[in-house]
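Add chain B to chain A, keeping to what the hints say.
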Amino acid sequence: MVRVEFLGPIQKDALELEITDLRQLAAILQADASLHEWLTNSAVALNDTLISSLEGTLKDGDKISLLPPVCGG
Amino acid sequence: MLYLYDGALNVPKILEDWYAQEAQSNYGAYIPFIGTVRSEDGIDGLSFDIYEPILNSWFASWQKKAQEKGAIIKMAHSRGDVLLHESSYIAAVFSPKRRVALEFIDAFVEDFKASAPIWKYDLKDGKRRYALERSTAIKGSGLLAN
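Protein chains in written order, with the working numbering: chain A, 119 to 191; chain B, 466 to 611.
Extracted from the complex, chain A is given alone in its bound form (with noise of 0.2 angstroms):
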């Protein structure tokens, strides 16, 4: 099991999904209409490391976290 999580402002509880891969996972998130513009504009992190390839596989037990635009300060 992969456990998703949304943070900041994405108001959307975690989720949790046996996938394998993020192409999977990206292709489940691209049918939630309401995700649409936080995947065009959010980070992802495996384990709490940003990533910048949909390429590897996920284990059970990995976290995957979308990071919304920042503004700390």
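These aren't lab readings, by the way, just hints derived from the structure by calculation. Take the hints with a grain of salt, since some may be wrong.
[Unchecked claim] Not close to chain B: a few residues of chain A, all C-beta gaps over 10 angstroms, as computed: (1) R121; (2) K130; (3) D131; (4) E134; (5) E136; (6) I137; (7) T138; (8) A151; (9) S152; (10) G174; (11) T175; (12) K177; (13) D178; (14) D180.
[To be verified] Ranges between beta-carbon positions, derived for each pair: (15) A:R141 / B:L548: 42 to 50 angstroms; (16) A:I169 / B:D576: 14 to 22 angstroms; (17) B:A488 / A:D139: 50 to 58 angstroms; (18) B:R503 / A:E134: 36 to 44 angstroms; (19) B:A488 / A:R141: 49 to 57 angstroms; (20) B:A602 / A:N165: 16 to 24 angstroms; (21) B:P561 / A:T167: 31 to 39 angstroms; (22) B:L548 / A:D180: 34 to 42 angstroms.
All values derive from a computational prediction rather than experimental measurement. All residues carry an ideal CB built from backbone N, CA and C; glycine is no exception.
Using the frame of chain A, we list chain B on its own:
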């Protein structure tokens, strides 16, 4: 040295504490940047969410860069609500000489604005409104949209 607080920062105390912590460390320069909430667009204040795991690793990467130049960084930030004319952010660089600290504080604060996983909301009429138009997408965003 990253410090997170609920609500507004006690700026004089934090600056004094940091000064005392490094008073005997032989740094020649201590350059703080303080961010204070301004009155604009009728807001009552700002509010912040922080994602600590990635903030911690982001900060650690900057601390490493500072140490390579013989400097250190300290940073304090608020969680939750901060009202007008209160402060939500302090970053400070200590270094042997001023030039490194002046350049480093500029680069650090710019990357903080672009990369640190902190989300800002305007407080107005008792509501919290995400400040999307003042926010910056983290480098590499949009990966799951394609």
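Here is how each hint holds up against the structure:
1. Listed as outside the interface, R121 (chain A) is consistent with that label: its C-beta sits roughly 13 angstroms from the nearest C-beta of chain B, beyond the 10 angstroms cut-off.
2. Every CB of chain B lies more than 10 angstroms from the CB of K130 (chain A), the least distance being 13 angstroms, so the non-interface label holds.
3. Even its closest Cβ contact with chain B, about 16 angstroms, leaves D131 (chain A) beyond 10 angstroms, as expected for a residue assigned away from the interface.
4. Listed as a non-interface residue, E134 (chain A) keeps its Cβ farther than 10 angstroms from every Cβ of chain B; the least gap is roughly 17 angstroms.
5. The Cβ of E136 (chain A) lies farther than 10 angstroms from every Cβ of chain B, with a closest approach of about 18 angstroms, so its non-interface assignment holds.
6. No beta-carbon of chain B is positioned within 10 angstroms of the beta-carbon of I137 (chain A); the least distance is around 12 angstroms.
7. No Cβ of chain B comes within 10 angstroms of the Cβ of T138 (chain A); the nearest lies about 16 angstroms off, and the non-interface call holds.
8. Interface exclusion of A151 (chain A) from chain B stands, the closest Cβ pair being 13 angstroms apart, more than 10 angstroms.
9. With a cut of 10 angstroms on Cβ distances, S152 (chain A) stays outside the contact zone with chain B, its closest approach being about 14 angstroms.
10. At roughly 12 angstroms from the closest C-beta of chain B, the C-beta of G174 (chain A) stays outside 10 angstroms, upholding its exclusion from the interface.
11. For T175 (chain A), the non-interface assignment is confirmed: its Cβ lies about 16 angstroms from the closest Cβ of chain B, beyond the 10 angstroms cut-off.
12. Non-interface call for K177 (chain A) relative to chain B: holds, since the shortest CB-CB distance, roughly 19 angstroms, exceeds 10 angstroms.
13. Chain B leaves D178 (chain A) outside its interface by the beta-carbon criterion, the shortest separation being 20 angstroms against a cut-off of 10 angstroms.
14. With a closest Cβ-Cβ approach of about 14 angstroms to chain B, D180 (chain A) is found to remain outside the 10 angstroms limit, as its non-interface label requires.
15. At about 45 angstroms, the CB distance of R141 (chain A) to L548 (chain B) agrees with the hint of 42 to 50 angstroms.
16. Between I169 (chain A) and D576 (chain B) the beta carbons are some 19 angstroms apart, a value that agrees with the proposed interval 14 to 22 angstroms.
17. The hint said 50 to 58 angstroms for the Cβ distance between A488 (chain B) and D139 (chain A), and at roughly 53 angstroms that hint holds.
18. Our hint of 36 to 44 angstroms for R503 (chain B) and E134 (chain A) holds, since their Cβ atoms are close to 42 angstroms apart.
19. Take A488 (chain B) and R141 (chain A): their Cβ atoms lie about 55 angstroms apart, and the range 49 to 57 angstroms holds.
20. Checked against the hint of 16 to 24 angstroms, the pair A602 (chain B) and N165 (chain A) passes, with Cβ atoms roughly 21 angstroms apart.
21. Between P561 (chain B) and T167 (chain A), the C-beta spacing of about 33 angstroms keeps the proposed range 31 to 39 angstroms intact.
22. A hinted range of 34 to 42 angstroms holds for the C-beta pair L548 (chain B) and D180 (chain A), which are about 40 angstroms apart.
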